[in-house]
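Undergrad: Sequence:
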Amino acid sequence: MTTRRAFCAGLASTALLGGCAGNRPDPIRILDTHTHFYDPTRPGGVKWPPASEPRLYWPVLPPEFQRIAEPLGIAGTVVVEASPDEADNAWVLGLFPRHPFLRGLVGHLKPGTPGFAENLRRDAANKAFRGIRTGGWDGPLDVAKPGFLEDCRRLQEAGLVLEVLIGPDRLHQVDRIATDLPELRIVIDHCANLPIDGKAPPQAWLEGMDRCARHAHVHCKFSGLVEGSGRNNGTAPDDPAFYAPVFNALWDRFGPEHLIFGSNWPVSALFAPLDRVVGIARSLLEPRGEAASTRCLRMNGERVYGVSLAAGE
Numbered sequence: 052m053t054t055r056r057a058f059c060a061g062l063a064s065t066a067l068l069g070g071c072a073g074n075r076p077d078p079i080r081i082l083d084t085h086t087h088f089y090d091p092t093r094p095g096g097v098k099w100p101p102a103s104e105p106r107l108y109w110p111v112l113p114p115e116f117q118r119i120a121e122p123l124g125i126a127g128t129v130v131v132e133a134s135p136d137e138a139d140n141a142w143v144l145g146l147f148p149r150h151p152f153l154r155g156l157v158g159h160l161k162p163g164t165p166g167f168a169e170n171l172r173r174d175a176a177n178k179a180f181r182g183i184r185t186g187g188w189d190g191p192l193d194v195a196k197p198g199f200l201e202d203c204r205r206l207q208e209a210g211l212v213l214e215v216l217i218g219p220d221r222l223h224q225v226d227r228i229a230t231d232l233p234e235l236r237i238v239i240d241h242c243a244n245l246p247i248d249g250k251a252p253p254q255a256w257l258e259g260m261d262r263c264a265r266h267a268h269v270h271c272k273f274s275g276l277v278e279g280s281g282r283n284n285g286t287a288p289d290d291p292a293f294y295a296p297v298f299n300a301l302w303d304r305f306g307p308e309h310l311i312f313g314s315n316w317p318v319s320a321l322f323a324p325l326d327r328v329v330g331i332a333r334s335l336l337e338p339r340g341e342a343a344s345t346r347c348l349r350m351n352g353e354r355v356y357g358v359s360l361a362a363g364e
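Numbering (our numbering), first residue to last: 52 to 364.
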């Protein structure tokens, strides 16, 4: 297993590597819509990541990410709270005044649980709070859960985002939410966590994405690509062709207006360094032209999350 020292060295080397795809000069300023920050040494510790994963279980804070991200063209990030403890939203929001590189937070709240409305009002009082993510710690996405859709309606009324961490078997639930709440902005994380093997994606995933993409306010992050390879020893393929069957299928369904870039750092660093993650994304988009690349790498994220990379904002 990679030691913490080796993993940190790999992160540090990312900003120094020359000639890789992710370090090419590029006029597009990127909004990374999927990063995680935490500090296991703070009072009370953290519930994620687990201590059993020493490559992640150490303080991961904004200055470290900014140092390796800026040379790759990343000009800001939307943080996605990965802790199962809803109170940890406040800890992340506390980072924002000191780190303007952070542009917004997708917090963790559980629709369909007691106190959701009050907790949403509390967190949404902070302008950096841009929505919530559900799934994962909550268990499988379940729109039949009492109060779930009612709480999602609260998000819609507040102009906030619902982000979902799901597998391909739950794409029909996204279709249901979007049908009932057509103005709710929904973002599917990590290509719905599809395993990627370089081959054509399975028909069930394609059909699920078809159902989701027909809704005007459903978006998909083409994050989680290197993670989809399953190679968490840092050897995820760097050839964009390996990921092209999945990306092309998403492009055919969502097009340039509904795909959003996210790195999933630092989790992605277990599979590939950040320069490789950024380079793969740029290479997949390059044949589509600069305008489409700009939408997917920056503008769609700004629009969906209501944030901006503009100076002084």
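Calculated from the structure, these hints are not laboratory results. There could be a bad hint or two in this list.
No farther apart than 20 Å at their CA atoms in a straight line, the calculated lysine to aspartate or glutamate pairs in the EDC-like style are these [to be verified]: (1) Lys250 - Glu308; (2) Lys196 - Asp139; (3) Lys161 - Glu208; (4) Lys98 - Glu137; (5) Lys250 - Asp261; (6) Lys161 - Glu137; (7) Lys161 - Glu115; (8) Lys178 - Asp231; (9) Lys161 - Asp139; (10) Lys178 - Glu115.
Just so we're clear, the structure is a prediction, and the values are computed from it rather than from any experiment.
Undergrad: Now tell me, hint by hint, if it's right for this structure.
TA: Hint check results:
no. : hint            : verdict
1   : Lys250 - Glu308 : violated, 25 Å
2   : Lys196 - Asp139 : violated, 24 Å
3   : Lys161 - Glu208 : holds, 17 Å
4   : Lys98 - Glu137  : holds, 11 Å
5   : Lys250 - Asp261 : holds, 19 Å
6   : Lys161 - Glu137 : holds, 8 Å
7   : Lys161 - Glu115 : violated, 30 Å
8   : Lys178 - Asp231 : violated, 27 Å
9   : Lys161 - Asp139 : holds, 13 Å
10  : Lys178 - Glu115 : violated, 24 Å
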